[in-house]
Amino acid sequence: MTAVAEPMTASPAKRVETEPERGTLSMAQALNRALRDAMAEDPAVVVFGEDVGALGGVFRVTDGLTADFGEARCFDTPLAESGIVGMAVGMAMNGMRPVVEMQFDAFAYPAFEQIVSHVAKMRNRTRGRVALPMVIRVPYAGGIGGVEHHCDSSEAYYAHTPGLHVLAPATPADAYTLLRAAIASPDPVVFLEPKKLYWSKGEVEMPSRAPGIGSAVVRRHGTDATLIAYGPAVPVALDAAEAAAREGRSLQVVDLRSIVPFDDETVCAAVRSTGRAVVVAEAAGFAGVSAEIVARVTERCFNALAAPIRRVGGFDIPYPPPKLEHFQLPGVDRILDAVDDLQWEQ
Amino acid sequence: MTAVAEPMTASPAKRVETEPERGTLSMAQALNRALRDAMAEDPAVVVFGEDVGALGGVFRVTDGLTADFGEARCFDTPLAESGIVGMAVGMAMNGMRPVVEMQFDAFAYPAFEQIVSHVAKMRNRTRGRVALPMVIRVPYAGGIGGVEHHCDSSEAYYAHTPGLHVLAPATPADAYTLLRAAIASPDPVVFLEPKKLYWSKGEVEMPSRAPGIGSAVVRRHGTDATLIAYGPAVPVALDAAEAAAREGRSLQVVDLRSIVPFDDETVCAAVRSTGRAVVVAEAAGFAGVSAEIVARVTERCFNALAAPIRRVGGFDIPYPPPKLEHFQLPGVDRILDAVDDLQWEQ
Amino acid sequence: MTRDPSHLLPAAEPVALIDADGRAIKGADGTAYPAPDDAALVKALGALLTARRLNDQAYALVRQGRLAVYPSSHGQEACQVAAAQVLDEGDWLFPTYRDTVAAVGRGVDPVEALSLLKGDWHCGYDPHEHHVAPHATPLATQLPHAVGVAHAATLRGEPTVVMAMCGDGGTSEGDFHEALNFAAVFHAPVVFFIQNNGYAISVPLSRQTAAPSLAHKGVGYGVPGERVDGNDMAALLAVLGAAVARARAGGGPQLVEALTYRMQAHTNADDATRYRDDAEVAAWVERDPITRLRTHLLDRGLIGPEQLQDFAAEAERVATHLRDGLNRDVEPDPADLFAHVYATPTPQLREQAALVADELSREGAR
Amino acid sequence: MTRDPSHLLPAAEPVALIDADGRAIKGADGTAYPAPDDAALVKALGALLTARRLNDQAYALVRQGRLAVYPSSHGQEACQVAAAQVLDEGDWLFPTYRDTVAAVGRGVDPVEALSLLKGDWHCGYDPHEHHVAPHATPLATQLPHAVGVAHAATLRGEPTVVMAMCGDGGTSEGDFHEALNFAAVFHAPVVFFIQNNGYAISVPLSRQTAAPSLAHKGVGYGVPGERVDGNDMAALLAVLGAAVARARAGGGPQLVEALTYRMQAHTNADDATRYRDDAEVAAWVERDPITRLRTHLLDRGLIGPEQLQDFAAEAERVATHLRDGLNRDVEPDPADLFAHVYATPTPQLREQAALVADELSREGAR
Ligand SMILES: Cc1ncc(C[n+]2csc(CCOP(=O)(O)OP(=O)(O)O)c2C)c(N)n1
Ligand SMILES: Cc1ncc(C[n+]2csc(CCOP(=O)(O)OP(=O)(O)O)c2C)c(N)n1
Ligand SMILES: [Mg+2]
Ligand SMILES: [Mg+2]
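Protein chains in written order, with full-length UniProt numbering: chain A, 1 to 346; chain B, 1 to 346; chain C, 1 to 366; chain D, 1 to 366.
Everything labelled a hint here was simulated from the structure, so no lab data went into it. C-beta: ideal position from N, C-alpha, C; glycine also. Honestly, I wouldn't trust all of these hints.
Stated by the list, open to error - Selected chain A positions facing chain B (Cβ under 7 Å, derived; list incomplete):
| id | residue |
| --- | --- |
| 1 | Thr24 |
| 2 | Leu25 |
| 3 | Ser26 |
| 4 | Pro110 |
| 5 | Phe112 |
| 6 | Asn124 |
| 7 | Ala159 |
| 8 | Phe286 |
| 9 | Ala291 |
| 10 | Ala295 |
| 11 | Glu299 |
| 12 | Pro308 |
| 13 | Ile317 |
| 14 | Leu324 |
Unchecked claim - Sample of chain D residues lacking proximity to chain C, with all beta carbon distances greater than 10 Å (derived):
| id | residue |
| --- | --- |
| 15 | Leu8 |
| 16 | Arg66 |
| 17 | Arg246 |
As the list claims (entries may be wrong) - Label-pair ranges, simulated between beta-carbon atoms:
| id | chain 1 | residue 1 | chain 2 | residue 2 | range |
| --- | --- | --- | --- | --- | --- |
| 18 | B | Gly248 | C | Leu360 | 43 to 53 Å |
| 19 | C | Gly157 | A | Ala67 | 15 to 25 Å |
| 20 | A | Ala67 | C | Thr344 | 55 to 65 Å |
| 21 | B | Asn303 | C | Gly65 | 49 to 59 Å |
| 22 | B | Ala245 | A | Asp239 | 22 to 32 Å |
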């Protein structure tokens with residue numbers, strides 16, 4: 001009997017403790033490298049989806065995987081997202097660690113039923129007997145001038161669904177670290193790749209010694225107020241902090257990295273240290289992840305707050321056409337306006 | 001040319017101003033009556049879905065409609081939710097006002113793509129040229145001992161999606177009022193019917209003079225703290241207020257009725273009047289509607305708050321099996337515990 | 001791609017080997033489907049009798065309040081038994097909510113199989129133990145999983161075949177389409193087995209499809225479709241057995257439509273008189289799969305009264321086991337609520353579990 | 001339900017009336033599809049020439065930065081033109097992102113049709129004006145809408161027919177299945193028109209389906225399937241025209257698969273050399289729909305150089321209109337962001353609109 005409840009795990013024995021390799025990579029390259037390293041380490045890792053084979057994915061994240069690992073390990077499927085995720089469920093049930101690509105955020109919606117009713121629930125439904133170690137990669141959010149249905153910030157749909165891990169890297173290093181962690185995880189992960197950061201470059205350490213799933217990091221220290229951001233909003237928050245510094249205000253920036261599980265400890269410590277906070281995210285506002293952050297941090301840190309936590313994010317509108325998208329995206333000015341509103345004592 | 005951008009509307013001219021009829025109905029009966037009255041008034045109203053014809057729906061909400069209005073006005077479809085919602089989109093584009101039934105909350109997920117990418121966006125995509133006056137009825141939430149996939153509180157998925165109205169009645173009267181308003185609305189409505197309240201009875205006024213979409217109501221006045229609830233949580237909040245009254249604490253209860261649009265005015269006024277609040281809802285907590293309520297009320301009423309707004313709701317777990325569901329449902333004790341936690345001065 | 005679809009189309013008439021009176025159909029063993037061997041038929045009769053007993057016992061347990069709800073396969077037992085009997089140990093079965101009896105046929109304890117419908121837990125058995133997936137309630141959603149299990153086996157060179165079950169109503173869902181298409185494109189060893197029992201709750205087949213038959217759906221995927229009399233045990237074993245053998249030999253997926261009937265209401269909660277006539281039901285009672293096979297085996301002298309007594313005793317034993325098991329109340333542990341959401345509970349779930357534990361201890365203290 | 005599927009199956013060979021050299025195929029007019037009348041063919045050539053010009057002009061405008069992206073139907077123009085030409089005024093067309101030219105064929109201003117791809121607004125035209133649905137990007141999702149539009153018309157007794165377009169890749173989506181099934185069950189007047197251009201971005205048809213052909217998918221729904229040479233204007237007009245007539249006469253839905261080829265990359269952003277050979281492309285250039293029809297009409301003396309000059313002038317006029325329109329920059333109004341989310345903006349949207357207005361006025365004040 002070859003099918004096993006807990007599929008083959010990335011064999012850590014194989015990892016020789018040497019100095020990690022370093023390099024400057026774009027986020028897309030870092031993701032590609034993470035897939036390669038995981039595939040090389042564990043034959044159970046398979047990659048599939050639309051155009052991930054010969055084409056290497058529309059964002060080239062799977063570039064060369066079919067050539068290097070063969071058609072059995074990285075392959076194109078028929079054009080059907082529910083089928084892709086559903087097949088991944090079955091493969092994960094039967095000893096594999098599938099990593100599937102949804103071509104764009106809005107094109108993951110046809111798979112919503114599979115994600116919510118099966119991917120998220122399988123372990124729970126079976127009292128831990130059937131694990132689904134699988135990763136659903138979603139190029140997400142806007143800022144690239146994409147036409148409708150290509151720019152959705154869909155994280156709230158997944159984050160609201162118990163049983164999923166939801167990750168969103170903001171740097172190439174985290175893209176590598178978190179994708180490796182996602183593939184190694186015994187639980188399903190929705191892995192959100194900020195499209196507009198695919199080509200941003202940064203230093204990457206492989207293997208990574210950075211914290212994995214469930215840890216936020218403080219990207220910039222500051223004393224006056226804390227900006228809480230994730231994914232594509234992180235560089236914007238950092239820019240805002242830079243601009244604020246020039247005006248004499250010291251802003252701290254927390255990068256969540258992991259939306260679920262949420263790192264209450266790091267976030268709350270940061271907010272308590274400043275007493276004021278703004279959440280920055282691209283998604284439409286109503287009942288999104290930003291609302292959760294405001295609610296949970298306020299619950300935990302109420303007495304440390306000098307002002308209500310503000311949100312800077314998308315309006316409650318469908319993602320606009322390219323020529324108007326800059327109005328929808330959180331920008332430096334809007335963040336600074338929100339910071340100005342934090343009931344500063346005169 | 002018969003297709004028109006703004007489909008035939010319920011002709012208000014026909015409504016003769018007489019004393020409204022009154023009667024004690026269950027919520028299921030009130031919904032049935034709303035469908036009947038709307039169908040009688042406007043030939044563009046059509047009802048379809050799974051088992052809505054001869055069977056009258058698994059909850060009998062469409063009972064007798066095929067018999068009384070004919071197969072063209074109320075009919076069964078093949079078993080495919082995406083097809084049902086998609087067909088409704090087309091019918092709404094072409095002059096009809098479809099009211100479709102999803103058999104249970106979790107069985108609406110296969111239609112998620114249609115709901116998010118088309119139902120919610122059509123008016124916006126076409127700069128107002130194509131309206132979709134349609135209603136998606138969803139028997140939702142738990143408390144009836146249903147097996148898995150039959151008890152999901154899915155409101156956050158819809159409420160987070162700009163372009164949808166999301167309503168959740170808590171009384172038979174509101175079921176009638178709000179379903180009529182939903183059918184008359186020029187915009188798509190996700191209409192959430194709390195399953196466990198289908199058989200609850202109450203007085204219904206037809207036609208209704210109650211406020212429609214976008215208005216919350218204060219169901220019980222109180223001075224110490226405000227409970228904010230909607231749908232199936234409303235009767236529980238009222239029970240908690242009753243129990244608190246016996247212990248000498250005066251709780252106010254606000255029933256949202258309309259999740260989107262949200263009635264900031266009524267809710268904030270209520271919270272300001274007490275300075276303390278608890279949000280009660282069945283849904284799993286993370287990034288749900290409760291989080292939004294906490295976030296937006298805190299943003300608006302921070303200086304009036306004596307304590308952080310607390311949430312009583314489902315845990316971040318898949319809906320449990322019947323024998324464990326009472327742990328997941330917000331109950332009177334848990335609400336009173338949360339109220340006790342609101343930093344009362346000794 | 002060959003353009004000639006004839007090898008993919010079902011025969012004009014469903015495959016049948018034994019007629020409604022239990023007689024072997026003349027010339028039927030000269031067809032592509034020779035009759036299964038006698039031992040298999042005798043074994044199947046035993047399983048059929050147990051299956052019927054299980055269905056009726058479970059139904060009774062609903063009335064007694066021991067089960068919340070039961071979607072019975074009464075009348076469809078030949079399909080249930082055949083689906084399990086044609087599989088090897090390493091094969092997988094993907095049952096729907098109505099296929100408890102098929103799951104039991106694979107070795108799942110009926111008490112565990114019914115824990116979902118008792119309300120104890122979502123899936124009461126270990127899917128890996130007998131290679132039986134959890135019962136699927138969202139229609140057709142299990143079919144892509146079946147393809148994935150099969151494809152994983154193919155990639156590892158294992159001889160696994162997957163039996164993926166589905167109702168006539170389920171064929172209308174998008175996932176049915178995607179699963180058949182994926183199976184065909186990946187040449188996955190899956191037998192898609194549709195029990196066409198004429199209804200999806202209240203909706204008759206004519207409102208589900210305008211196709212010549214459900215088996216005709218295969219050709220659109222390049223998957224051979226076959227129709228079989230779903231109350232004819234011999235035909236089912238022959239057709240499903242051949243499909244499994246073909247899949248195991250690398251022949252790819254197959255679609256089998258069994259024509260059967262849901263003799264009872266959708267579940268005990270349903271009122272079938274609202275949408276169908278008693279006469280229709282009565283006509284199908286005449287074609288009961290059990291009577292047919294029993295008559296056939298008795299006529300051919302393959303079984304006698306003693307064997308029938310043994311079968312009845314075994315059926316009774318299983319029913320008693322079910323009754324005893326379901327009458328025993330095991331309080332589910334609230335800690336389970338939080339234990340299996342993830343392999344390791346998140347900090348948030350640990351907090352929430354602590355809250356419940358605290359509530360319980362305060363309650364206990366009262 | 002009749003079990004004989006033969007009337008639902010496509011012929012072994014795609015319908016073709018004019019061969020690659022422009023000659024009428026012998027005996028072809030003796031088939032079920034007589035050649036369209038000469039005037040229709042001449043009109044179609046004019047439309048074809050404009051279509052090609054539009055495709056190439058749009059492509060050039062991408063290079064000039066006036067369009068963000070363009071999925072060209074270069075090579076598929078015969079399908080585009082035929083889809084529009086066979087419809088009556090009251091009929092509806094449901095185009096995909098690649099079907100701009102078909103939408104223009106219905107009367108939509110090409111500048112408005114391309115506003116989506118320019119980035120101005122999601123849909124630049126009024127769908128009700130010419131009965132052209134907004135371009136659909138999420139694949140196959142427009143097909144259930146097409147069924148709904150058709151069924152609404154049926155309920156009101158209107159003679160509307162709906163042309164629902166889809167690519168070969170789109171046939172794999174669940175919505176394709178659900179739409180065909182609904183159309184068949186409700187006997188809706190919809191012509192499902194698949195342009196099988198061999199690829200879904202990089203994925204070839206062999207990875208999309210193992211069926212004998214895409215037209216063979218019809219039988220599984222009880223919908224007649226037909227295959228047609230998608231670069232043969234005469235055959236397209238004949239087959240699509242017959243399907244529309246049949247639907248209008250109450251014959252129900254039909255599925256038409258046109259065999260054609262995407263001669264350019266998926267969009268200008270795509271690099272087709274990664275997944276296909278130049279030789280394959282070259283072979284299809286030989287079968288260009290325009291050369292074929294032009295040769296045919298010239299050979300038969302139905303057109304002359306003067307007519308061709310007129311056509312070229314008209315094509316140029318449309319291209320100029322497109323160029324001028326796209327070179328004109330109209331700043332979209334930010335107030336539009338909030339104006340059409342609902343018929344009446346919610347209080348929340350009014351607040352948000354005010355915030356943007358305030359930002360803009362502060363910016364203006366700077
Ligand atoms: C996606 C989805 N939609 C709706 C339902 C509700 N439902 C449960 S059983 C059923 C009918 C199923 O009919 P069929 O597939 O023929 O199976 P049968 O019950 O006849 O065995 C329906 C509509 C469901 N379980 N899943
Ligand atoms: C639901 C969905 N998934 C994925 C995509 C991304 N995508 C855009 S076009 C395309 C290929 C479509 O191929 P086909 O249907 O053959 O049409 P063609 O482009 O060849 O005209 C893909 C995968 C999409 N638009 N919608
Ligand atoms: Mg059935
Ligand atoms: Mg294509």
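Hints and how they fare:
1. Thr24: Hint violated; A/Thr24 Cβ to chain B Cβ min 35 Å, cut 7 Å.
2. Leu25: 31 Å, violated
3. Ser26: Interface hint status for A/Ser26: violated (30 Å vs cutoff 7 Å).
4. Pro110: With a closest approach of 4 Å, the A/Pro110 hint holds.
5. Phe112: 4 Å, holds
6. Asn124: 5 Å, holds
7. Ala159: 5 Å, holds
8. Phe286: 6 Å, holds
9. Ala291: 4 Å, holds
10. Ala295: Constraint on A/Ala295 satisfied, holds at 4 Å.
11. Glu299: 5 Å, holds
12. Pro308: Result: holds, 4 Å to nearest chain B Cβ.
13. Ile317: 5 Å, holds
14. Leu324: For A/Leu324, the interface hint is violated, since the closest Cβ of chain B sits about 12 Å away, which is over 7 Å.
15. Leu8: 7 Å, violated
16. Arg66: At about 38 Å from chain C, D/Arg66 clears the 10 Å cut-off, so the statement holds.
17. Arg246: 15 Å, holds
18. B/Gly248 x C/Leu360: 43 to 53 Å: 27 Å, violated
19. C/Gly157 x A/Ala67: 15 to 25 Å: 23 Å, holds
20. A/Ala67 x C/Thr344: 55 to 65 Å: Given range 55 to 65 Å: violated, Cβ gap about 37 Å.
21. B/Asn303 x C/Gly65: 49 to 59 Å: Because 55 Å falls inside the window, the suggested range holds.
22. B/Ala245 x A/Asp239: 22 to 32 Å: 53 Å, violated
Violated hints, in rising order: 1, 2, 3, 14, 15, 18, 20, 22; the structure is consistent with all others.
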